[in-house]
Amino acid sequence: MHIMHFTERPYKYVPEDEVIKNRSFFGVSNTFYDPKLGADLYNEYLDEACYAEEVGFDAIMLNEHHGNPFCMGAVMNVEAAILARITKRARIVLLGNPLPVLKHPLRMAEELAEIDLISHGRLVPGWVRGAGSEQIFNNANPAYNREYFNEAHDFIIACWTRQGPFRWEGKHFNYRFVNPWALPYQKPRPPIWIPGVLSPETVVWCAEHRYPYIGLGTALPATVELWNLYGDTAAQQGYTAGSENFGYLQQIFVAETEEKAQELGKGALFGGGAQNFSRPEHTLPPGYNSKEATRRLARQQTDYGFLGVTSAKLQESEQASVQDLHKEKGNTRERLKRGEVSIAEAKAKIYGNYQKAQDGLQIIVGTPKSVLPKIRLIMETLRPGIFGLFTIQGPVSVQDRLTNVRLMGQEVLPAMREYAKELGIKDPFEVEPGSRPYTAGTKRDSLVDLEALKRAPKRDDSVRV
Amino acid sequence: MQLMYFTERPYRDVSEDELIKNRAYFALSNKFFDREVGARLYNEYLDEMVYAEEVGFDAIMLNEHHGTPFCMGAVMNVEASILARITKRARIVLLGNPLPTFKNPLRVAEELATIDCISRGRLIPGWVRGAGSEQIFNNANPAYNREYFNEAHDLIIAAWTRPGPFRWEGKHFNYRFINPWVTPYQKPIPPIMIPGVLSPETVVWCAEHKYPYLGLGTALSATAELWNIYGDTAAKLGYQAGSENFGYLQHVVVAETEEKAEELGKAHLFGGGQGAFSRPEHTLPPGYNSKEATKRLARTMTAGSGGFLGVSAEQLGRSKEASPASPSSDSATLQQVADSTRKRLARGEATVEEAKAAVYRAYPKAVSGLQIIAGTPKSVIPKIRRILETLRPGTFGVFQSQGPVSFEDRMTSIRLLGQEVLPAVREIGKELGIVDQFERASGSRPLTSGTKREELVSLDAMRA
Numbered sequence: 001m002h003i004m005h006f007t008e009r010p011y012k013y014v015p016e017d018e019v020i021k022n023r024s025f026f027g028v029s030n031t032f033y034d035p036k037l038g039a040d041l042y043n044e045y046l047d048e049a050c051y052a053e054e055v056g057f058d059a060i061m062l063n064e065h066h067g068n069p070f071c072m073g074a075v076m077n078v079e080a081a082i083l084a085r086i087t088k089r090a091r092i093v094l095l096g097n098p099l100p101v102l103k104h105p106l107r108m109a110e111e112l113a114e115i116d117l118i119s120h121g122r123l124v125p126g127w128v129r130g131a132g133s134e135q136i137f138n139n140a141n142p143a144y145n146r147e148y149f150n151e152a153h154d155f156i157i158a159c160w161t162r163q164g165p166f167r168w169e170g171k172h173f174n175y176r177f178v179n180p181w182a183l184p185y186q187k188p189r190p191p192i193w194i195p196g197v198l199s200p201e202t203v204v205w206c207a208e209h210r211y212p213y214i215g216l217g218t219a220l221p222a223t224v225e226l227w228n229l230y231g232d233t234a235a236q237q238g239y240t241a242g243s244e245n246f247g248y249l250q251q252i253f254v255a256e257t258e259e260k261a262q263e264l265g266k267g268a269l270f271g272g273g274a275q276n277f278s279r280p281e282h283t284l285p286p287g288y289n290s291k292e293a294t295r296r297l298a299r300q301q302t303d304y305g306f307l308g309v310t311s312a313k314l315q316e317s318e319q320a321s322v323q324d325l326h327k328e329k330g331n332t333r334e335r336l337k338r339g340e341v342s343i344a345e346a347k348a349k350i351y352g353n354y355q356k357a358q359d360g361l362q363i364i365v366g367t368p369k370s371v372l373p374k375i376r377l378i379m380e381t382l383r384p385g386i387f388g389l390f391t392i393q394g395p396v397s398v399q400d401r402l403t404n405v406r407l408m409g410q411e412v413l414p415a416m417r418e419y420a421k422e423l424g425i426k427d428p429f430e431v432e433p434g435s436r437p438y439t440a441g442t443k444r445d446s447l448v449d450l451e452a453l454k455r456a457p458k459r460d461d462s463v464r465v
Numbered sequence: 001m002q003l004m005y006f007t008e009r010p011y012r013d014v015s016e017d018e019l020i021k022n023r024a025y026f027a028l029s030n031k032f033f034d035r036e037v038g039a040r041l042y043n044e045y046l047d048e049m050v051y052a053e054e055v056g057f058d059a060i061m062l063n064e065h066h067g068t069p070f071c072m073g074a075v076m077n078v079e080a081s082i083l084a085r086i087t088k089r090a091r092i093v094l095l096g097n098p099l100p101t102f103k104n105p106l107r108v109a110e111e112l113a114t115i116d117c118i119s120r121g122r123l124i125p126g127w128v129r130g131a132g133s134e135q136i137f138n139n140a141n142p143a144y145n146r147e148y149f150n151e152a153h154d155l156i157i158a159a160w161t162r163p164g165p166f167r168w169e170g171k172h173f174n175y176r177f178i179n180p181w182v183t184p185y186q187k188p189i190p191p192i193m194i195p196g197v198l199s200p201e202t203v204v205w206c207a208e209h210k211y212p213y214l215g216l217g218t219a220l221s222a223t224a225e226l227w228n229i230y231g232d233t234a235a236k237l238g239y240q241a242g243s244e245n246f247g248y249l250q251h252v253v254v255a256e257t258e259e260k261a262e263e264l265g266k267a268h269l270f271g272g273g274q275g276a277f278s279r280p281e282h283t284l285p286p287g288y289n290s291k292e293a294t295k296r297l298a299r300t301m302t303a304g305s306g307g308f309l310g311v312s313a314e315q316l317g318r319s320k321e322a323s324p325a326s327p328s329s330d331s332a333t334l335q336q337v338a339d340s341t342r343k344r345l346a347r348g349e350a351t352v353e354e355a356k357a358a359v360y361r362a363y364p365k366a367v368s369g370l371q372i373i374a375g376t377p378k379s380v381i382p383k384i385r386r387i388l389e390t391l392r393p394g395t396f397g398v399f400q401s402q403g404p405v406s407f408e409d410r411m412t413s414i415r416l417l418g419q420e421v422l423p424a425v426r427e428i429g430k431e432l433g434i435v436d437q438f439e440r441a442s443g444s445r446p447l448t449s450g451t452k453r454e455e456l457v458s459l460d461a462m463r464a
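Taken in sequence, the protein lines are chains A and B.
Numbered per the numbering used here, the first sequence finishes at 465, counting up by one with no gaps.
Numbered per the numbering used here, the second sequence finishes at 464, counting up by one with no gaps.
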């Protein structure tokens, strides 16, 4: 079992009212950024990562978002570089570098090779397509998103594994003399993991490449469905998928008492939480998702959603496009835009969903004792070899954040490791993903536990900001 | 005075024979890279920099080169990130980020802002056009080099200073929604310094922007000439240039004894040294330099010194000969070409051993020409003094040894510099009235039109 510490490194001092007025984190003007506070935060998050290593986490996971107080890791490789030097044992897991927005993948290959070397082989690079807002921020054509992704990926792997110099003439990238001097420490290349929010194309692509797929807090029934898709693809490719091929990221926060945990846990909804990551028009720019992926999102995302996409909001966008404003009457977000509700009312709406978000396991909040059965249920259902603990957003003090890390290390991690042993869950370092052959015609291993899924609470689709 | 520690972070275990056979560091196949060596070296260099801060250097300078064992800082912002966290006081000076080879300058603006914040305002970003080989490595059109440079520079400054969101529609870069959340710690912008190897356009551009210009071990006479161009441009713009506008980088290696120092000094020539940075066809791809800059390079690069980044008068002459547009008719030049060890090596007429011997034969000349200063603290101080008297640079960078020198010897050099050389250099700086950009802001002294500007260099000192 590989357990990761994760935080979005939020700029927690952003005025909540500005986020609500803007109806999302993305797009809030950078005039609200104070570099002195930013300097403190970056260093506090690095302290937190070191402490997580100390208390027993196997890995520090980083992510990257641009132009957004939701996540200060605009170029997460900066933090990854620092962790390579100031941590000693933990893996540095990047989920992920947004390949389609880079414009210059050779530089990324060089950057990551250096980080892998400095860390003596502790890097796990991961790739993402980038949220829609990253395409807008970096002026990357969303219609070519997957083409950029695929070509940049293939090119970076070639940089790391083909002897230089060689030539690359692709559709989107051209280099006449590829010969980066420094190559990764890990041979033939560092292990690669891919995070996702339920795009079936990504899942199939991961299975084809034997890359573990990490579900980012996705709803359990939909996750189960896609992991079966991975398993079927793996079988077609001639290997048996298992827990070593999967990971899951869960928002979770613990404190010494239930009262304290409940009070601080509200930080997950600060400014509208992940649902307010960006407005739908930024999250799904035209061409970004395939038709199939868009349909699946609309069908399966619970209302809490991820990165600002929910079924209700997709509907909203559709409705807005036909100017059917009558149906928007009851929508707090739209009414806020029209000035019909106050910020205080919008906030009340957001925090009114706190209990429902917990009931649906979108957020797990409590003491170590009370959170463990919920974690166990997820582990039983999804059997992920990699488990990321996504710590709280919002205005929570450094002390409370570090207490959370300490309690995780003291009580939660040891229990999770016991569960994993009991459930036979293996991580990608215990069992090489794709290393177990599959005989055609036989039944593949079961990847999920549907009985456990039945015990899992249903997410409430009416949970709205 | 601002005193900087600098090393190219060479991959010192590279086979010298392979470098000589390749006739350059650039373009040597990465099959010679060993991960254990690379991992050790990156970390040792970071140890060195932390130690340099400890012994009293004011700044750590980094640079960036791609696809070469000469410099492992292919993405120096990786090292800059780490230094931001593991050093406490020293400035982190990037000389420089190669703007024309970036395809997404907004990403660099974000990267550097993050580093400046983590270091709590200790970053000095600098920009370069990138050596010719960087254009080849990164597939950046050399003909647009200066346009890319100028536009990326303007865009990054805008990203740091204009409240977001705003739109940028340039000739080479387009962004519809610029609003990086993280902006630099230092306001209005971090101090910027520009290094160069004598391109007059760059010097004028620096003077126009009031950015200090740092000569990268360039010949003293040519450097003095260009600093006067800076001073004249400054005067036209209405300000008085002074030591705060200039910096100089010098190879200096110090040891306990002269014998040891000579051994370390010779390592500068390992594999052909800077003269073998890249072959001329990689260093000066078509369109990279203006005509004026190319002429100046050919004129001022001293013969036998190896020049900088693989460009020397001899090599430029040779490139011309090699060009089919100018069929070889000058028999004297032809003879020179034939005699060139490098060419003969390429044709298999000279052995690697002969080529190596030719490389190290240049050592006494490099020492007498001050390209290399190697010695005990006592013997190097007068030489540094001569440079300070001649050029009066507010920032002085000490360029550590290249080549197969042990980690211990490198650390000893740093220790001796800290104990004996830096205090002496500071005294000399005080005595000569040399101030850096933090003691007196670059461009802060108005100059009334019609009055004579201050002398920036001392030609008497140079002739001494």
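Just so you know, the hints here were simulated from the structure itself, not pulled from any lab data.
Note that the structure is a prediction, hence the values are computed from the model and not measured.
Glycine included, C-beta positions come from ideal geometry on N, C-alpha and C.
Careful, some of the hints might be misleading.
[Claimed, not checked] Straight line, CA to CA, 25 Å or less: simulated SDA-like cross-link-like pairs of lysine to any residue:
id	chain 1	residue 1	chain 2	residue 2
1	B	Lys-88	A	Lys-426
2	B	Lys-103	A	Trp-160
3	B	Lys-171	B	His-153
4	B	Lys-187	A	Glu-258
5	A	Lys-426	A	Pro-373
6	A	Lys-88	B	Asp-47
7	A	Lys-88	B	Ala-39
8	A	Lys-187	B	Lys-171
9	B	Lys-295	B	Val-204
10	B	Lys-103	A	Arg-167
11	B	Lys-21	B	Ala-357
12	A	Lys-187	B	His-153
13	A	Lys-36	B	Ala-143
14	B	Lys-103	A	Arg-162
15	B	Lys-187	A	Arg-89
16	B	Lys-187	A	Glu-18
17	B	Lys-171	A	His-172
18	B	Lys-260	B	Tyr-51
19	B	Lys-31	A	Leu-46
20	A	Lys-356	A	Lys-426
21	A	Lys-88	B	Ala-357
22	B	Lys-260	B	Lys-171
23	A	Lys-88	B	Pro-286
24	B	Lys-103	A	Asp-154
25	B	Lys-187	A	Tyr-13
26	A	Lys-36	B	Lys-31
27	A	Lys-36	B	Lys-171
28	B	Lys-187	A	Leu-46
29	B	Lys-31	A	Pro-191
30	B	Lys-343	B	Pro-286
31	A	Lys-187	B	Val-37
[What the hints assert, rightly or not] Residues from chain A shown here face chain B by an in silico Cβ test under 8 Å; the list is partial:
id	residue
32	Pro-35
33	Gly-38
34	Glu-114
35	Ile-115
36	Phe-137
37	Asn-138
38	Pro-142
39	Tyr-144
40	Trp-160
Evaluated hints:
{"no.": "1", "hint": "B:Lys-88 to A:Lys-426", "result": "violated (42 Å)"}
{"no.": "2", "hint": "B:Lys-103 to A:Trp-160", "result": "holds (21 Å)"}
{"no.": "3", "hint": "B:Lys-171 to B:His-153", "result": "holds (13 Å)"}
{"no.": "4", "hint": "B:Lys-187 to A:Glu-258", "result": "violated (44 Å)"}
{"no.": "5", "hint": "A:Lys-426 to A:Pro-373", "result": "holds (20 Å)"}
{"no.": "6", "hint": "A:Lys-88 to B:Asp-47", "result": "holds (15 Å)"}
{"no.": "7", "hint": "A:Lys-88 to B:Ala-39", "result": "holds (14 Å)"}
{"no.": "8", "hint": "A:Lys-187 to B:Lys-171", "result": "violated (42 Å)"}
{"no.": "9", "hint": "B:Lys-295 to B:Val-204", "result": "holds (17 Å)"}
{"no.": "10", "hint": "B:Lys-103 to A:Arg-167", "result": "holds (19 Å)"}
{"no.": "11", "hint": "B:Lys-21 to B:Ala-357", "result": "holds (14 Å)"}
{"no.": "12", "hint": "A:Lys-187 to B:His-153", "result": "violated (38 Å)"}
{"no.": "13", "hint": "A:Lys-36 to B:Ala-143", "result": "violated (41 Å)"}
{"no.": "14", "hint": "B:Lys-103 to A:Arg-162", "result": "holds (24 Å)"}
{"no.": "15", "hint": "B:Lys-187 to A:Arg-89", "result": "violated (37 Å)"}
{"no.": "16", "hint": "B:Lys-187 to A:Glu-18", "result": "holds (24 Å)"}
{"no.": "17", "hint": "B:Lys-171 to A:His-172", "result": "holds (20 Å)"}
{"no.": "18", "hint": "B:Lys-260 to B:Tyr-51", "result": "holds (21 Å)"}
{"no.": "19", "hint": "B:Lys-31 to A:Leu-46", "result": "violated (35 Å)"}
{"no.": "20", "hint": "A:Lys-356 to A:Lys-426", "result": "violated (32 Å)"}
{"no.": "21", "hint": "A:Lys-88 to B:Ala-357", "result": "violated (44 Å)"}
{"no.": "22", "hint": "B:Lys-260 to B:Lys-171", "result": "violated (54 Å)"}
{"no.": "23", "hint": "A:Lys-88 to B:Pro-286", "result": "violated (47 Å)"}
{"no.": "24", "hint": "B:Lys-103 to A:Asp-154", "result": "holds (19 Å)"}
{"no.": "25", "hint": "B:Lys-187 to A:Tyr-13", "result": "holds (20 Å)"}
{"no.": "26", "hint": "A:Lys-36 to B:Lys-31", "result": "violated (45 Å)"}
{"no.": "27", "hint": "A:Lys-36 to B:Lys-171", "result": "violated (35 Å)"}
{"no.": "28", "hint": "B:Lys-187 to A:Leu-46", "result": "holds (24 Å)"}
{"no.": "29", "hint": "B:Lys-31 to A:Pro-191", "result": "holds (21 Å)"}
{"no.": "30", "hint": "B:Lys-343 to B:Pro-286", "result": "holds (21 Å)"}
{"no.": "31", "hint": "A:Lys-187 to B:Val-37", "result": "holds (15 Å)"}
{"no.": "32", "hint": "Pro-35", "result": "holds (4 Å)"}
{"no.": "33", "hint": "Gly-38", "result": "holds (5 Å)"}
{"no.": "34", "hint": "Glu-114", "result": "holds (5 Å)"}
{"no.": "35", "hint": "Ile-115", "result": "holds (6 Å)"}
{"no.": "36", "hint": "Phe-137", "result": "holds (6 Å)"}
{"no.": "37", "hint": "Asn-138", "result": "holds (6 Å)"}
{"no.": "38", "hint": "Pro-142", "result": "violated (12 Å)"}
{"no.": "39", "hint": "Tyr-144", "result": "violated (14 Å)"}
{"no.": "40", "hint": "Trp-160", "result": "violated (10 Å)"}
Violation of the numbered hints given earlier is confined to hints 1, 4, 8, 12, 13, 15, 19, 20, 21, 22, 23, 26, 27, 38, 39, 40; the remaining hints are satisfied by the structure.
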